[in-house]
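As you go down the protein sequences, you meet chains A and B in turn. Read in order, the letters of the first sequence are residues 132 to 244 in the numbering used here. Read in order, the letters of the second sequence are residues 276 to 391 in the numbering used here.
Be careful, since some hints might not be right.
Said to hold, decoys possible - Straight line, CA to CA, 25 angstroms or less: simulated SDA-like cross-link-like pairs of lysine to any residue:
1) A:K180 x B:E384
2) B:K339 x A:Q231
3) A:K180 x B:T324
4) A:K180 x B:A277
5) B:K330 x A:E225
6) A:K199 x B:E379
7) A:K187 x B:E379
8) A:K180 x B:L301
9) A:K208 x B:E379
10) A:K180 x B:M320
11) A:K180 x B:A373
12) A:K180 x B:Q304
13) A:K191 x B:V278
14) B:K289 x A:E173
15) A:K180 x B:E379
16) A:K180 x B:T306
17) A:K180 x B:L321
18) A:K191 x B:S280
19) B:K341 x A:Q231
20) A:K180 x B:F303
21) B:K339 x A:N230
22) A:K208 x B:S318
23) A:K180 x B:R299
24) A:K180 x B:S318
25) B:K341 x B:Q313
26) B:K330 x A:Y233
27) A:K180 x B:Q313
28) B:K295 x A:E173
29) B:K295 x A:Q176
Simulated from the structure, these hints should not be mistaken for lab results.
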Amino acid sequence: GDSVTQMEGPVTLSEEAFLTINCTYTATGYPSLFWYVQYPGEGLQLLLKATKADDKGSNKGFEATYRKETTSFHLEKGSVQVSDSAVYFCALSEFRTGNQFYFGTGTSLTVIP
Amino acid sequence: GAVVSQHPSWVICKSGTSVKIECRSLDFQATTMFWYRQFPKQSLMLMATSNEGSKATYEQGVEKDKFLINHASLTLSTLTVTSAHPEDSSFYICSARATGGPGELFFGEGSRLTVL
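Bound conformation, chain A alone:
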């Protein structure tokens, strides 16, 4: 069945460091891919998404490219800030499975000044 695998955290970076959070997926069809962010004590917010191969989603300096050949959707940011400290979830949704969402386990990021 469909699934998402995320790199385990927690991840701790210094401010202005480069961030990569790996995400790979398993799906038999053509899923849409998402990154959600959860700030402390809050629900999840959509960070970015991509709906087909080679699409690049971007928002707030974060980017992720839909790579069908490697079944990956890695999240990157060139220079992180303290305010980026949160938990990041990779997810997929596929029409074939009724658009049910499958989430990764989440990666906690802490950025220190």
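Once you've looked at the hints, dock chain B against the given chain A.
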């Protein structure tokens, strides 16, 4: 973007009592809403899929008699934790997809339940 609101954002109750959590889509209609439970190590567990006007679909291992879900309208779903016990203490999050979507899920702010 679309807004999903949950209420209450936190609640403390005594063991044995029931607690109701509301999930509302404020500016769109949602045929389907989803209820998640989030455990301390962050992972989201899908509890059930709530369909407007019909019975909820529960995931394996979730007690439907304990976690009552009602989706009475296109903008409101409720989760009632019946006879709550300390092990039910958790962060509960709802989400919704706009009617006619595929498309993204919109999440509520979450509700922190603490059972004493």
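We went through each hint and held it up to the structure:
Of the supplied pair hints, the one linking K180 of chain A and E384 of chain B holds, its CA atoms being roughly 20 angstroms apart against a limit of 25 angstroms. This hinted pair checks out: K339 of chain B and Q231 of chain A have alpha carbons roughly 20 angstroms apart, not beyond 25 angstroms. Annotation: proposed proximity of K180 of chain A to T324 of chain B holds, straight-line Cα distance about 22 angstroms (limit 25 angstroms). Straight-line distance between C-alpha atoms of K180 of chain A and A277 of chain B comes to about 16 angstroms, which keeps the hinted pair within the 25 angstroms bound.
The hinted pair formed by K330 of chain B and E225 of chain A meets the criterion: a straight-line CA distance of about 23 angstroms does not exceed 25 angstroms. Only pairs whose Cα atoms come within 25 angstroms are accepted, and K199 of chain A paired with E379 of chain B is accepted, the gap being roughly 20 angstroms. Between K187 of chain A and E379 of chain B the alpha-carbon distance is near 16 angstroms, which keeps this suggested pair within the 25 angstroms criterion. A distance of roughly 23 angstroms separates the Cα atoms of K180 of chain A and L301 of chain B; the hinted pair therefore holds under the 25 angstroms criterion.
Taken as a hint, the K208 of chain A and E379 of chain B pair is honoured in the structure, with Cα atoms around 22 angstroms apart against an allowance of 25 angstroms. For the suggested pair K180 of chain A and M320 of chain B, the alpha carbons sit about 21 angstroms apart, so the restraint of at most 25 angstroms is met. Note on K180 of chain A and A373 of chain B: the hinted pairing holds, with a Cα-Cα distance of about 16 angstroms set against a maximum of 25 angstroms. For the proposed pair K180 of chain A and Q304 of chain B, the alpha carbon gap of about 22 angstroms is at most 25 angstroms, so the pair holds.
A hinted pair counts as satisfied when its Cα atoms are at most 25 angstroms apart, and K191 of chain A with V278 of chain B qualifies at roughly 20 angstroms. The straight-line distance between the Cα atoms of K289 of chain B and E173 of chain A is roughly 24 angstroms, inside the 25 angstroms bound, and the hint therefore holds. For a cut-off of 25 angstroms, the pair hint linking K180 of chain A to E379 of chain B stands: about 8 angstroms separates their Cα positions. Simply put, K180 of chain A and T306 of chain B have alpha-carbon atoms about 22 angstroms apart, close enough for the 25 angstroms limit, and the pair holds.
Between the alpha carbons of K180 of chain A and L321 of chain B the distance comes to roughly 21 angstroms, so the proposed pair stays at or under 25 angstroms and holds. With a C-alpha separation of about 24 angstroms, the suggested pair K191 of chain A and S280 of chain B falls inside the 25 angstroms cut-off, and the hint holds. Our distance criterion of 25 angstroms between C-alpha atoms is met by K341 of chain B and Q231 of chain A, whose separation comes to about 23 angstroms. For a cut-off of 25 angstroms, the pair hint linking K180 of chain A to F303 of chain B stands: about 20 angstroms separates their Cα positions.
The suggested pairing of K339 of chain B with N230 of chain A holds, with an alpha-carbon distance near 23 angstroms, which does not exceed 25 angstroms. With a C-alpha separation of about 23 angstroms, the suggested pair K208 of chain A and S318 of chain B falls inside the 25 angstroms cut-off, and the hint holds. Our distance criterion of 25 angstroms between C-alpha atoms is met by K180 of chain A and R299 of chain B, whose separation comes to about 24 angstroms. Annotation: proposed proximity of K180 of chain A to S318 of chain B holds, straight-line Cα distance about 20 angstroms (limit 25 angstroms).
Of the supplied pair hints, the one linking K341 of chain B and Q313 of chain B holds, its CA atoms being roughly 17 angstroms apart against a limit of 25 angstroms. Distance restraint check for K330 of chain B and Y233 of chain A: the Cα-Cα separation of roughly 22 angstroms lies within the 25 angstroms cut-off, and the hinted pair is therefore satisfied. Proposed proximity of K180 of chain A and Q313 of chain B is supported: the alpha carbons are some 22 angstroms apart, at most 25 angstroms. Between K295 of chain B and E173 of chain A the alpha-carbon distance is near 19 angstroms, which keeps this suggested pair within the 25 angstroms criterion.
Between K295 of chain B and Q176 of chain A the CA atoms are separated by roughly 23 angstroms; this keeps the pair inside 25 angstroms, and the hint holds.
The structure fails none of the hints (numbered hints given earlier).
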